[in-house]
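Q: Chains as they are written, first to last, in the numbering used here: chain P, 112 to 462; chain Y, 51 to 664.
Heads up, a few of these hints could be off.
To be verified - Computed list of chain P residues with no C-beta within reach of chain Y, every gap over 10 Å:
(1) ASN128
(2) ASP151
(3) ARG200
(4) VAL205
(5) GLU214
(6) GLN318
(7) SER382
(8) GLN399
(9) ASN403
(10) GLY412
(11) PRO423
(12) GLY425
As the list claims (entries may be wrong) - Some, not all, of what chain P presents toward chain Y, calculated at C-beta under 10 Å:
(13) LEU164
(14) ALA168
(15) LEU428
(16) ALA453
Just so you know, the hints here were simulated from the structure itself, not pulled from any lab data. All values derive from a computational prediction rather than experimental measurement. We put the CB at the ideal spot given by N, CA and C, even for glycine.
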Amino acid sequence: MTCIAKSKFHHPQLPTNELGLTYRDYEGSMSTLCAGCGHDSVGAAVVQACFELSLPAHRIAKLSGIGCSSKAPTYFLGKSHGFNSVHGRMPSVVTGANLANRELVYLGMSGDGDSASIGLGQFAHVARRKLNMSYIVANNGAYGLTKGQASATADRGSLMKGGKEVMDEGIDLVSLALSMGATYVARSFSGDKDQLVPLIKGALSHQGFAFIDVLSPCVTFNNHKGSTKSYDYLRDHMESLISADFIPVKSEITAQSEPGLSKDIFMHDGSMMRFRATDDSYDLSNKQSALNAISEHTGKGEVLTGLLYLEPGGSDLHENIQTVCEPLNELSYKDLCPGSEALDTLNKSFR
Amino acid sequence: MKLIQSVNDFVIKFANANGTGSASANNLFAKAIFNMGVPVSPRNIFPSNIQGLPTWYEVRVNEAGYLGRRGGGVEVVVAMNPQSIADDIAAVLPGGCFLYDSSNPLPSRLHRDDIQIIGIPFTGLCREQFTNTKQRMLFKNISYVGALAALLNIEFDIFTGLLGQQFKGKEHLITANITALELGYVYAKKHVECPIDIRVSKSDAVKDKILVDGNTATGLGCVYGGATVCGWYPITPSTSVVEAFTRFSERMRIDPASGRKRFGVVQMEDELAAIGVVMGASWNGARAFTATSGPGISLMSELLGLAYFAEIPLVLVNVQRGGPSTGMPTRTQQSDILACAYASHGDTKHVLTFPATPKECFEFAAESFDLAERLQTPVIIMSDLELGMNDWLCDPLEWDDETQYDRGKVLNAEQLDALESDKPFARYMDIDDDGICYRTYPGTHPEKGAFFTRGTSRDKHALYTEEGDHYVDNMERLLKKHRTAATLIPAPVIQINDKQHKMGVIYYGTTDNVMPESLLKLEKQGLHFNSMRIRSYPFNDEVAEFIERHETMYVIEQNRDAQMRSLLINELDCHPKKLIKVLHYDGMPIPVQAVVGGILSHLDTQDPALTGND
């Protein structure tokens with residue numbers, strides 16, 4: 112299907128962003144995922160978020176592992192460099208890419224098999240290193256490309272296609288990300304664009320490790336009655352505790368907050384997340400309240416969504432290891448090579 | 051009893067217990083002989099253990115410069131470990147010297163009449179001199195070095211000089227060490243006729259040579275080669291490569307204005323992640339490397355396949371150790387040749403280099419970044435424990451300040467704009483007919499040059515395809531690129547001693563240490579060999595010609611399965627019967643006697659008329 116080029120034609124009055132680009136400029140090639148796949152909605156949300164943020168697409172690098180979710184980056188941001196790496200190893204590849212050039216925006220796209228099974232180790236470690244990136248998992252609880260086996264995020268008791276019950280405990284990537292030190296943590300649903308797009312905008316603007324677990328149903332293998340990852344189940348059980356809006360830097364003055372109802376948290380670049388919790392006592396900057404809320408709602412059979420934790424202004428890997436401010440890949444021979452005189456001194460020390 | 055009389059030609063072996071601080075004392079001893087101008091090769095023979103197990107340190111002293119492992123017994127043993135004392139006294143050659151700590155009596159069953167036995171109560175001397183337990187243990191080692199200074203005739207002032215350098219600014223340490231040295235020195239002078247018949251005499255044979263280990267030189271080579279990113283996972287015997295890179299970078303790669311680092315080293319969670327970091331950084335235009343050993347190579351194989359197929363440059367240092375599996379983690383081998391040459395599933399071929407000296411470690415490491423970026427593929431430096439973790443005498447390291455890094459075929463924004471509109475950027479198009487295509491770094495141009503890097507089959511535009519023709523085209527181009535690589539990598543070192551071209555020897559890496567001496571011994575028996583030291587893979591034309599021209603060649607290797615021989619046969623299609631295996635793989639470096647013995651025992655089975663013996 113990818114050989115069929117998407118039509119370049121678009122309506123002449125399509126709205127443009129600050130860069131003069133339309134939404135279409137952020138699209139990728141034609142999707143080869145199943146019709147109705149949640150992952151395409153995630154891709155569409157990424158496109159909208161980047162368009163609305165007026166991010167230059169070529170300054171974004173999109174990286175993924177292996178699986179349906181990891182194919183998805185082909186279908187958005189066609190002007191960005193992409194890297195479809197190896198199953199479960201995207202986090203380390205982004206780590207290297209980010210070390211080489213700290214100035215690009217890094218978007219990691221992964222799935223539940225890629226991040227919770229084969230890549231669980233790398234997922235945990237990239238979070239604890241606080242790599243400055245946005246990490247999205249399109250989570251459907253099943254392996255699509257190999258025809259529907261349960262993944263490690265499938266809930267215990269959920270039924271797989273064919274009726275087999277999942278007996279192992281499901282891994283909650285959000286709780287794991289929180290424990291591991293992620294500084295922006297959210298859960299959303301591919302079917303709720305209004306919630307998802309601001310969350311992605313916030314993640315892309317966040318300095319540090321931003322994680323979004325997007326429940327993204329697999330229409331072919333995990334969308335039946337008895338599955339806890341189906342469209343119907345998720346629509347019935349989703350509980351949005353906190354609604355969050357992303358307010359870009361320039362809109363600060365016009366976007367008035369409603370006193371007493373919503374709270375603002377400034378991001379490092381001056382933009383802000385404005386959020387409103389249904390429960391007044393919820394503290395977005397308290398990791399423990401996020402973990403408690405998740406376990407409380409899970410206990411009630413609900414899927415908690417929204418922005419769950421935000422720690423702005425935290426350090427990232429580059430700060431922790433004190434690299435220079437300019438990208439390492441731009442350093443010249445002069446900056447890097449100590450030269451023959453220094454080598455002569457070293458030779459003397461080897462005598 | 052006839053005592054060995056030898057000046058500047060002997061092997062001395064120190065027997066210690068691991069974790070007792072003997073390494074620095076032994077190193078001080080080797081450095082002192084080096085400073086007497088006499089060539090030395092110290093070798094640490096250590097267990098996979100932190101504390102307690104026996105460990106040995108062997109120093110070959112050889113004025114003629116033959117510094118490979120000789121094999122067989124040794125002239126002098128310093129026995130400081132009761133656990134291994136029976137083996138240690140047995141290792142002394144008849145007429146040699148056995149120095150032991152006589153604080154405990156030597157069991158009479160171990161006594162030998164054919165060697166000189168010297169007992170000095172090092173433990174007792176140090177117990178009297180020092181009060182603190184740790185000092186008593188550490189300075190016991192220094193005190194036997196002091197005794198050796200007297201026994202072997204090493205100038206005492208050299209030690210004071212070396213200690214002064216080592217503990218600059220810490221006067222109390224200098225004083226304490228000199229006190230410990232004097233304890234042994236004075237005791238030996240008083241109780242033994244010094245020097246003994248095996249001794250050191252000042253020489254100028256060292257010339258301007260340096261003494262450095264291979265891993266230090268490799269780490270330094272990565273600094274000079276412009277590496278800025280390193281993801282790694284600790285594993286013996288490669289760990290000190292990254293430690294050296296970090297140490298030198300912290301000294302020479304700090305931005306003076308901000309005090310920040312012009313490099314990023316991250317210790318990852320495993321080798322999969324280590325090579326992942328290197329791949330991501332190289333993809334994004336930084337020079338990046340990692341270092342590992344056997345098990346790490348196995349773990350990295352999947353990503354090496356991706357780097358080969360997606361054509362991402364990267365530098366990997368493999369300091370080989372004894373395999374398979376955990377194998378002999380603190381022993382040396384050359385047993386990853388095939389695992390690296392063909393690492394990963396599917397049809398893959400990687401570029402390998404085989405350094406033999408610290409100087410080559412430095413040069414190959416620095417050049418490998420040019421090679422990797424020029425060829426857009428992994429370059430694996432195949433060192434080993436013997437080279438990496440031991441100090442070697444070698445020529446001083448050199449650097450040409452006219453050097454420019456070759457960043458390979460990378461298009462910038464202006465170059466992308468200058469492309470003709472009917473010939474847009476295509477990531478996998480072989481424009482120059484050398485199999486190497488043009489790439490772009492992420493973030494280069496708003497409209498042009500973006501592509502999708504993938505491990506799946508793709509067409510020239512980097513678009514996914516399962517078309518057989520596109521796939522085959524691409525695989526054939528990768529082969530062409532591999533042939534291009536053969537023209538860029540280090541050529542073999544060939545020495546012609548026999549113009550008839552009858553017999554040859556082929557070897558690589560640390561086997562080089564024993565070859566000059568081995569060939570001399572064979573020469574003395576009237577056997578003349580031409581020699582070829584392979585320094586890289588893919589093999590270039592010179593390698594093929596050498597094999598073509600000779601009737602019989604001995605391929606000398608430090609592994610069980612003659613892996614280089616297999617690679618030669620497989621790649622050059624040469625007749626297996628021409629290539630005779632000479633193998634040594636017990637975990638200790640190959641000794642001269644294994645080379646000479648291996649060749650002679652094969653020749654014994656041959657018709658003398660065929661071998662050209664004179």
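Q: For every hint, state whether the structure bears it out.
A: Now for the hints, and whether the structure bears them out:
1. ASN128: Its Cβ never comes within 10 Å of chain Y, the nearest being 14 Å, so this holds.
2. ASP151: Nearest chain Y Cβ is 17 Å from ASP151(P), so the label holds.
3. ARG200: violated (5 Å)
4. VAL205: Check fails; 6 Å does not lie beyond 10 Å.
5. GLU214: The claim is violated: GLU214(P) sits with its nearest Cβ about 7 Å from chain Y, within 10 Å.
6. GLN318: At about 17 Å from chain Y, GLN318(P) clears the 10 Å cut-off, so the statement holds.
7. SER382: Since the minimum Cβ distance to chain Y is about 21 Å, SER382(P) lies beyond 10 Å and the statement holds.
8. GLN399: Since the minimum Cβ distance to chain Y is about 26 Å, GLN399(P) lies beyond 10 Å and the statement holds.
9. ASN403: ASN403(P) is indeed farther than 10 Å from all Cβ atoms of chain Y, at 29 Å.
10. GLY412: Its Cβ never comes within 10 Å of chain Y, the nearest being 35 Å, so this holds.
11. PRO423: At roughly 23 Å from the nearest Cβ of chain Y, PRO423(P) sits farther out than 10 Å, so the non-interface label holds.
12. GLY425: holds (18 Å)
13. LEU164: violated (16 Å)
14. ALA168: Status holds, d = 8 Å.
15. LEU428: With a closest approach of 7 Å, the LEU428(P) hint holds.
16. ALA453: Since the shortest Cβ distance to chain Y is 6 Å, the answer is holds.
The structure is inconsistent with the numbered hints 3, 4, 5 and 13, although it conforms to all the rest.
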